[in-house]
Amino acid sequence: MSKFPTPLEEVIHHNVIKNHKTGGPTLDIGPMQLLWRALGENTGYTFSIFETAVVPGMGIPLHKHPFAEFFYVLEGKLSIGHWNNQGAAEWDVYEVGESLLVQPNAPHSFFNKSERPCRVLSVSTYHHERMMKDAVHPDGRTDFLPAQLTQADFEKLTKSMEKNQTFLVADQA
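Using full-length UniProt numbering, the letters of the sequence shown map in sequence onto residues 1 to 173.
I should point out that these hints are in silico values taken from the structure, not numbers from a laboratory.
Treat the hints with caution; some may be incorrect.
Derived DEER-like restraints, expressed as beta-carbon distance ranges [to be verified]:
# : residue 1 : residue 2 : range
1 : N42       : Q165      : 18 to 26 Å
2 : N15       : E155      : 22 to 30 Å
3 : W91       : V16       : 34 to 42 Å
4 : A89       : S114      : 16 to 24 Å
Lysine-lysine pairs mimicking DSBU-like chemistry, simulated, CA-CA at most 30 Å apart [claimed, not checked]:
# : residue 1 : residue 2
5 : K156      : K113
6 : K21       : K159
7 : K18       : K77
Quantities reported herein were computed from a predicted structural model and do not represent experimental measurements.
By construction, the Cβ of each residue, glycine as well, lies at the ideal position given by its N, Cα and C atoms.
Please model the complete structure; the sequences and the hints are all you need to start from.
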């Protein structure tokens, strides 16, 4: 016969987790530092939230994944590359307070094309968190993934991306 937890046991094991303004685990990927606001291990592995500063000229190439992703611009301007309804590449600029929802399998890219830093809050599935941790180091160490990738670094990154259902798209926006 199974024993269901009492209401008190449920509260003890499912509590509120406070994140301080500058606290939370970090993960360094080249010049980008991800500040985790919610880890998969604390959300039943359903989603993760991170905040990151995107330095001028920095960004992520065109890619897609079978899950949605949400971005909220906290500071600066972020350029999002995507394909429009006619199949042509275009860039939209998002400013402080603006957000976007990337639908599943929608090819997208983001870059800071401005001259000032940009801070972004991102919400996605645990796959993103796992992919980024694997890409930095498979054993969980958080050493830097170099800003200039060698062929071996790039292969490690794409292998981790594919394992976590994220794929680079050949045609850039």
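Tell me if the beta carbons of A89 and S114 are separated by a distance inside 16 to 24 Å.
Between A89 and S114, where Cβ atoms are some 19 Å apart, the hint holds.
Within 30 Å, alpha carbon to alpha carbon, are K18 and K77?
holds (28 Å)
Checking one constraint from the list: CA of K21 to CA of K159, max 30 Å. Satisfied?
violated (34 Å)
Is it true that the CA of K156 sits at most 30 Å from the CA of K113?
Within the cut-off at roughly 27 Å; holds.
Take a look at whether the Cβ-Cβ distance between W91 and V16 falls inside 34 to 42 Å.
Because 39 Å falls inside the window, the suggested range holds.
Within 18 to 26 Å or not, the Cβ separation of N42 and Q165?
Given a distance of about 21 Å, which is inside 18 to 26 Å, the answer is holds.
Could you tell me whether the CB distance from N15 to E155 stays inside 22 to 30 Å?
violated (41 Å)
The structure shown violates the earlier hints numbered 2 and 6.
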